[in-house]
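K.L.:
The chain contents come next:
Number of protein chains: 2
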Amino acid sequence: MEASSVGIVGVGMMGGSIALAALRAGYRVFLYDRIASEKLAGLRFRTASVVNDLSELVSNSRLIILATPIGALAQTGNALHDLVSPEHVVSDVASVKGPIAEVLATALRGRCEYVPAHPMAGSEKSGPEAARDDLFAGAVTFLCPELALKAASVTLVTGFWEKLGTRVVLVSVTAHDQLVAVMSHLPHLIAALLVKHAATSNRAALELCGPGFRDATRIASGAPELWADILLANADALQEQLRSFKRELEEAMTLLGEKDVKKLQALLDDAKENRDRLSA
Amino acid sequence: MEASSVGIVGVGMMGGSIALAALRAGYRVFLYDRIASEKLAGLRFRTASVVNDLSELVSNSRLIILATPIGALAQTGNALHDLVSPEHVVSDVASVKGPIAEVLATALRGRCEYVPAHPMAGSEKSGPEAARDDLFAGAVTFLCPELALKAASVTLVTGFWEKLGTRVVLVSVTAHDQLVAVMSHLPHLIAALLVKHAATSNRAALELCGPGFRDATRIASGAPELWADILLANADALQEQLRSFKRELEEAMTLLGEKDVKKLQALLDDAKENRDRLSA
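The listed protein sequences derive, respectively, from chains F and R.
Each residue of the first sequence is one higher than the one before, counting from 3 in this note's numbering.
Each residue of the second sequence is one higher than the one before, counting from 3 in this note's numbering.
No lab work stands behind these hints: they were computed from the structure.
Don't take every hint at face value.
[What the hints assert, rightly or not] Derived DSBU-like pairs (lysine-lysine); straight-line CA-CA distance at most 30 Å:
| hint | chain 1 | residue 1 | chain 2 | residue 2 |
| --- | --- | --- | --- | --- |
| 1 | R | Lys127 | F | Lys127 |
| 2 | R | Lys261 | F | Lys127 |
| 3 | R | Lys127 | F | Lys261 |
| 4 | F | Lys265 | R | Lys248 |
| 5 | R | Lys265 | F | Lys248 |
| 6 | R | Lys274 | F | Lys127 |
| 7 | R | Lys127 | F | Lys264 |
| 8 | R | Lys248 | F | Lys127 |
| 9 | R | Lys274 | R | Lys248 |
Kindly generate the complete structure, drawing on both the sequences and the hints.
P.N.:
In structure tokens:
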């Protein structure tokens, strides 16, 4: 059980990218997935050790990162319960923290340390074939330290995500879920609705769209079964954002109705100024 | 006045990109802009002829493309009135056709041919420095043939946009404006509102966003003064789209409130299927 090794449970696009990035950063990597280990070995994870059961992964890695779909996390947490010891630090990468952290904290309570994490990087593609070793370069990783007993556990997970090239930001579980509702879940639902709207209004239009529509709706290509779970797991925070977004939409409709060029330009000016800051 | 030459009025990102792409396609290019001709000559347009007045441009090119901001098109149309002859074909590249086509058709009536066009390509950057000779590669160009008297005029403009690597789609002025309301103007306003919403909800969040938010809001970096004019010029069609988009948003809020995972996944499934068709 070395500090320079990491065990990853669930090897899709996300788990696979963590594996490739960790290998690149010099970690020894142990992989476990329900799918046949031969299938994983055939991909680009040759220098990782693909193991056939969780206990082998647990006995080799102090840090264990869960990267399964969020629907499978409870089961994985329960399976780990009897295998882990107090020196183990379990983390996850789920896009929602509230209900997930509660489930995993309950499953692992008294057994090992638990430090929820969420790297803000992803892809609309899925599956281990879509894994990339540079997925996390320059990204932000949120870490929720409030469930850990020892500072060393937070340090271990922080060090891991920093070695993978991300900037670690500590945040509470509640603040995290409000943040991602604004920055990820609302835009995701809106992108899906823009595609639905275009397909309904004018099916031919989809084939005639420009790069603006393409970029604005890229995230709508994300895996629906994963995203339905994510959006529902954060439904309360998302509903709150949807209500205020709807009010802002109505205000925009009013000033468009009034042909108020000054106010419309002020809205677009502010948006440009804030959007331009993202690239800086 | 050769068929293999083109005159471009207004040399920002769009006019500049048309110039560079036309030079690359073998056209002789004449450029006119209010800004000092030396300034243009200092950019990458060396093989184009930068002229100091419109009459010089008109006497050298049968095809004249107006690429000024839409607020300057009426003035340009009026300035062309006394200069053009019936063999000239004037076109434009405005993102809205209804009110623009009416203004230009009125200004040019009985003087020359007018064939409105709209290449569905752009950039959030502006100014001639942002011009790119590959901006139009693979894009769709809408052409409205209904105002031309001679088929040859439509053929001339079609040939030009095909040589620049775009696929030309003939469409009526009214159908065009409904299409772009769906595919461009609604997504633009929504992107601006997503940025506004994020900045209002949690200013720190903007610095912590991931690539999804970045892509979904890229178009919100477009030039506000141009876009305020575009959105207002197409306000009626846009309002109609906003009303139905708002209904779809309310429906999504309802099924999220009911935690209806089946319906939510069906919505995301449909969106993914339609979005994936764009890349094909």
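K.L.:
Determine for every hint whether it applies to the structure shown.
P.N.:
Status of each hint after checking the structure:
no. : hint                   : in the structure
1   : R/Lys127 with F/Lys127 : holds (28 Å)
2   : R/Lys261 with F/Lys127 : holds (25 Å)
3   : R/Lys127 with F/Lys261 : holds (25 Å)
4   : F/Lys265 with R/Lys248 : holds (21 Å)
5   : R/Lys265 with F/Lys248 : holds (21 Å)
6   : R/Lys274 with F/Lys127 : holds (11 Å)
7   : R/Lys127 with F/Lys264 : holds (22 Å)
8   : R/Lys248 with F/Lys127 : holds (29 Å)
9   : R/Lys274 with R/Lys248 : holds (20 Å)
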